[in-house]
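Participant: For reference, the chains in residue letters:
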Amino acid sequence: MTGAEIKLRLEELCKVQGLLEDVPDTNPFTLKVPKEHYLAVCQALKHSEGLYFDQLACLSGVDLGPESGLMEVVVHLSSIPYAHQLALKVRLARPADPQEETEAIPSLSGIWRAADWHEREAYDLLGIRFENHPDLRRILLPADWIGFPLRKDYREQEQYHGIKVIY
Amino acid sequence: MPTDAIQYQYNPAHLQNSSPGKYPAGAIGSDQMVINIGPQHPSTHGVLRLEVLLEGEQVVDLVPHLGFLHRCFEKHAEALPYNQIIPYVDRMDYVSAMNSEHAFVMGVERMIGIEGTLPKRIEYIRVLVAELNRLANHFIAVGTYAMDIGAFTPFLWMMRDREHILRMLEWLSGARLLYNYIWIGGLFYDLPPGFEEKCRSFIRYLLPKLKELDDLLINNTIFVERTAGVGHLPLSTAIDFGVTGPMLRASGLRYDLRKVDGYSIYPELEFEIPIGKGLKGSPGDCWDRNYVRAAECFQSARIIDQCLDALMGPYARTRDFDPQAMLPKKIRPKAQELYVRAENPKGELGYYFVADGKSDIPFRCKARGCSFSNLSVLSTLAKGALVADLVAIVGSLDFVMGEVDR
Chain H
0 MTGAEIKLRL
10 EELCKVQGLL
20 EDVPDTNPFT
30 LKVPKEHYLA
40 VCQALKHSEG
50 LYFDQLACLS
60 GVDLGPESGL
70 MEVVVHLSSI
80 PYAHQLALKV
90 RLARPADPQE
100 ETEAIPSLSG
110 IWRAADWHER
120 EAYDLLGIRF
130 ENHPDLRRIL
140 LPADWIGFPL
150 RKDYREQEQY
160 HGIKVIY
Chain L
0 MPTDAIQYQY
10 NPAHLQNSSP
20 GKYPAGAIGS
30 DQMVINIGPQ
40 HPSTHGVLRL
50 EVLLEGEQVV
60 DLVPHLGFLH
70 RCFEKHAEAL
80 PYNQIIPYVD
90 RMDYVSAMNS
100 EHAFVMGVER
110 MIGIEGTLPK
120 RIEYIRVLVA
130 ELNRLANHFI
140 AVGTYAMDIG
150 AFTPFLWMMR
160 DREHILRMLE
170 WLSGARLLYN
180 YIWIGGLFYD
190 LPPGFEEKCR
200 SFIRYLLPKL
210 KELDDLLINN
220 TIFVERTAGV
230 GHLPLSTAID
240 FGVTGPMLRA
250 SGLRYDLRKV
260 DGYSIYPELE
270 FEIPIGKGLK
280 GSPGDCWDRN
290 YVRAAECFQS
300 ARIIDQCLDA
310 LMGPYARTRD
320 FDPQAMLPKK
330 IRPKAQELYV
340 RAENPKGELG
350 YYFVADGKSD
360 IPFRCKARGC
370 SFSNLSVLST
380 LAKGALVADL
390 VAIVGSLDFV
400 MGEVDR
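Chains as they are written, first to last, in numbering that gives the first Met the number 0: chain H, 0 to 166; chain L, 0 to 405.
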């Protein structure tokens, strides 16, 4: 199935005509989804015949920088039986304060268990909050680390456990 | 700064604050017990801490704590030009660095639009070294697994054969583990003269040794008794958790990105995809995972043989062949987003690039490690198992913490 066909099918399944937006210059084909339809679209992608995206390959958070005031969550899906791939993109507002977490977006861990750790990583490094996540803690950094390192305006803390961080 | 000053003030609360357990002492039942395995424990294959909640001998819950080897790969990648990220890529999965390089380089070449235009000799050399590294990876996986469950001889035998591969790769690139050999648009060097013959004689030497491995370990009754039926991973669970590579194939699905995507020159090569059939226990148990790895070694040897045929035949070395001739002067992809995936020895390795079109530094470079997703299934796999089987299950996942923590 090509990207345009997947888009048509999705619009019809989720009744979101005109709300899905193609993102140019992407590989695989990427759809921008409004936040409020994100979960429904993912559910349809996994369970509908002909689509059947059974594998969540990757979930990444992207910080677009303080000037844009936006963050993105990009989900890369693939279907093993149909051998097609798709990426979804959700935009959310970016807090001006580097220490502050973002608004919450729905967690996909109820649909694909693989999303669990990927979302924890996005939370850990970018401070993106996921709603209804079973266990949203830091995963790679220590639990008492301050700030979200992959934010473009990240500043390291001065000291960690009495050790100088910035030299 | 004076070097004799003690900077770190020890405080037992630091550990509590930085890596708090999910089950503090007061929160568990009177017949339950929490055991911490790792972060420094040989059977966790690196620095992984497993917090295991036990009821008698049975595992009730298992919480992996990661991040002890976190080296900020993604943050580093946002500050470096594409060609300078390759050494960092090596350090993710440090026992199969060639494969990681191959995937990364393929992604960048796809972004700047030179994929498929490189001389065939370069592509054949890339696949040759990647498959050699795949063999080395599987030797480590099977060898250390045998040691985990108490058989020392196979480990030494596998290390002996891996040493031949490492020496060949050292001859090729100057480094034993972290090669920086595959470059964007080419290679660091052509094969050294005499490499093809040496590699051919190594494969001749290796084939009987792989047979030997089958007899010594895989079909050994003690090994079968210990691993068959242990750590059964159903296919649906494997797909749900994003498990890939030999672990997914052991659960019975014939899925290999070398065939599915057909990248590089893999479509021109003949090889099979071994899968686990549950010959000794149930499909997807610890035995199947090791059986698949051992069977893949034969296929890698087959691929290497075919690459050598090509490299000594139609694409043989010429006096004026320069593997650095196609290196781009400046790597500045136009604004785009790309997810590239490739079959690493441990599973699907993916890179998600965001390029802004204005600089030769990626705006965002996320690595999807295969070990990361493969490890996430551990807690489901271990629930209900006996604590004695836990080491057997952990070892059979074959993860490298360098890639989990990045």
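In short, the hints are calculated from the structure, not lab data.
Virtual Cβ for every residue (Gly too), placed ideally from N, Cα, C.
Misleading hints may appear alongside valid ones.
Unchecked claim - As a list, the in silico DSSO-like pairs of lysine-lysine whose alpha-carbon atoms are at most 27 Å apart:
no., chain 1, residue 1, chain 2, residue 2
1, H, Lys31, L, Lys333
2, H, Lys31, L, Lys357
3, L, Lys276, H, Lys88
4, L, Lys210, H, Lys88
5, L, Lys74, L, Lys329
6, L, Lys210, H, Lys151
7, H, Lys163, H, Lys88
8, L, Lys258, L, Lys276
9, L, Lys197, L, Lys210
Stated by the list, open to error - Some chain H residues near chain L, calculated using beta-carbon distances under 10 Å:
no., residue
10, Leu19
11, Val22
12, Cys57
13, Gly60
14, Pro65
15, Leu69
16, Tyr159
Participant: Are the hints correct? Go through all of them and say.
Facilitator: Okay, the hints, checked on the actual structure:
1. Lys31(H) to Lys333(L): This hinted pair holds, its Cα atoms lying about 20 Å apart.
2. Lys31(H) to Lys357(L): 23 Å, holds
3. Lys276(L) to Lys88(H): Status violated; Cα separation ~38 Å.
4. Lys210(L) to Lys88(H): Roughly 49 Å between the alpha carbons, so the hint for Lys210(L) and Lys88(H) is violated.
5. Lys74(L) to Lys329(L): Measuring from Cα to Cα gives roughly 22 Å; hence the hint holds.
6. Lys210(L) to Lys151(H): 53 Å, violated
7. Lys163(H) to Lys88(H): Not OK: Lys163(H) and Lys88(H) at ~38 Å, beyond 27 Å, violated.
8. Lys258(L) to Lys276(L): Holds. Lys258(L) to Lys276(L) sits at ~20 Å (cutoff 27 Å).
9. Lys197(L) to Lys210(L): 21 Å, holds
10. Leu19: 17 Å, violated
11. Val22: This hint holds: Val22(H) lies near chain L, its Cβ roughly 7 Å from the closest one there, short of 10 Å.
12. Cys57: This hint holds: Cys57(H) lies near chain L, its Cβ roughly 4 Å from the closest one there, short of 10 Å.
13. Gly60: With a closest approach of 8 Å, the Gly60(H) hint holds.
14. Pro65: 14 Å, violated
15. Leu69: Cβ of Leu69(H) sits 13 Å from chain L, so the hint is violated.
16. Tyr159: This interface hint holds because 9 Å falls under the 10 Å limit.
Against the hints set out earlier in the document, violations occur for numbers 3, 4, 6, 7, 10, 14 and 15.
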